[in-house]
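Position chain U relative to chain V; hints supplied.
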Amino acid sequence: MKHPVPALLLLIALVFPLSLLAGRVWLDFTSTPNAAVILSELRLPRSVLALMVGAGLGAAGAAMQGYLRNPLADPGLFGIAPMAALGAVASFWFGVSASVWLLPMFALTGAAAGMALLALIAGRTGGIALFTLAGLMIASLAGTLTSLAISTAPNAFAMSEIVTWLMGALTDRSWHDVYLAAPLTLAGIGCLLMTGRGLDALILGDLAARSLGMRPAALQGWLIAGIGLTVGSGVAVAGIIGFVGLVVPHLVRPFTDRRPSSLIVPSALAGALLVLAADSAVRVLPLVTELRLGIALSLIGAPFFLWLLLRMRKGLA
Amino acid sequence: MMLRAKNLILAHRLDGVSAAFQPGRITAICGPNGAGKSTLLCALAALIRADSGEVLLGDTLLCAMPTQIRAQRIGYLPQNGEVAWDVAVRSLVALGQMPRRDDAPEVVERALAALDLLPFAERPVSTLSGGERARALLARVLAGEPEWLLADEPLAALDIGHQLTLLRHLRRVADGGTGVVLVLHDLALAMNHADRVLVLDCGKLVKEGAPHEALSEQLIAQVWGIEAHWIGEHGARALVAG
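Taken in sequence, the protein lines are chains V and U. Under my numbering, the residue at position 291 of the first sequence is numbered 340, and the numbers go up by one with no gaps. Under my numbering, the residue at position 234 of the second sequence is numbered 555, and the numbers go up by one with no gaps.
No wet-lab data here; the hints were simulated from the structure. No experiment lies behind these values; they were computed from the predicted model shown. Quick reminder that beta carbons are idealized off the backbone N, C-alpha and C, glycines included. Watch out, some of these pointers could steer you wrong.
[Stated by the list, open to error] Covered stretches of chain V (in silico footprint by chain U; criterion: 3 or more residues with CB under 8 Å from a CB of chain U, positions within the stretch not fixed):
(1) 247 to 253
(2) 305 to 314
[As the list claims (entries may be wrong)] Here are a few chain V residues that face chain U, going by a calculated C-beta distance under 10 Å:
(3) R118
(4) N119
(5) P120
(6) A257
(7) A258
(8) S260
(9) G262
Isolated chain V, as found in the complex (with noise of 0.2 Å):
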């Protein structure tokens, strides 16, 4: 199967419906009190979101590891979700995150001032080792601040929302945050694709792509806008959810002719499928409170991981 999209559109269509029903409360229209409203304004803002934060992790998970040719790389190695989780802290720590629009905008701030650092240290030479190193360090610098501002939180309610924020979920997600989160996800996708071709020639190495006319800052400044946009607005809208970047390809990659360009759709929607199966999962587990949707996801994630180096370790020998 070279075109995995019609599959996965029919799995995102088969799983959607149930994602509407599921909960703590399975909607049953006969008998769930306000069954239309808790549809309309609880289940269905969150489902949407969920295909838009997986859609966007995803083609910036597919996006990343053609760019740096390596398997292991994950949307978070820029630095640009980190700097959006940091400003996203920013505004419980100042007291502003009740606001509907705050809290995203902070975060959304945050990773604004990720991806003009990156362009501003690496943007010029396009040089990948410098871009990525740049990435790395603005995500440590990010982290060591969202650290200090835990640590120095002005009280123990702030710390606590922090850390829980931090988690990742769409839990109690409105149609505000759809708003604010789908045209910047579907922007970022967009300039995803336009990636394509040249991460297509990067699997060349960079000289031969630079003499198929790869530009390489034109692509660098593609790749920032749209892991900015994808990656920094889920982060708005959800807080950390990792490791979908990085699963997602891998699931997506034998499907396709392996070319990175022909795995940005498939990620986005495999992405989205996952975001979307796993949130509707952690509303049905038996747990006294909702298990967060980055833990479960990490859950998931880190083991896979494992699972890969141990592949790759045995790919080697």
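The following block gives chain U in isolation, referenced to the frame of chain V:
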């Protein structure tokens, strides 16, 4: 159109190299390790910019040419032969068409056929032998139908049979009007298969001319520091050291 390098200087790598390359001919660039061969090839492909000097294609400065046009006209095959993802041979060869505005599947088929790759077209690159992989990478450049083919040690790591097969293909390409510039370590291959040879040493062009002139025993002694003698007939010479 001629490809010309004019007084190329790049710190510690090239020291005032000037040379003219003819279309329809095979030119070999030879020299010991660190002589600047690969650097010169990269400069000819406009993949690195020299500190001073210029590269011209016809009368046009290569660095002033739009990237896309330059990519259409000059095909470059790097030394390492990297293929990051395990794509099928046909997909790999089709990458060569990237600089063109229109996809031409028949050109990809022609490049696959020219290098006897049609039986492997759907196979992943990782399943190819060294020789098949080298042919696939060369077919990738041919699929772009460039005016110039610049290849950095395309014969390295190939056995003699595959070397000769690849050289026959390159001769056919040159006969079709494409300018072929090869970095070669094997002086016998340069002597027997190139139309013209450039010898570099420490970033300087020390000799340029027909193979028997440029690769004289005296020059080999001077540049490589070895006593060596050519034996055999014209077109089938071997270099014997000592």
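Violating hint indices (sorted, rising): Violated hints: none at all, because every hint is consistent with the structure.
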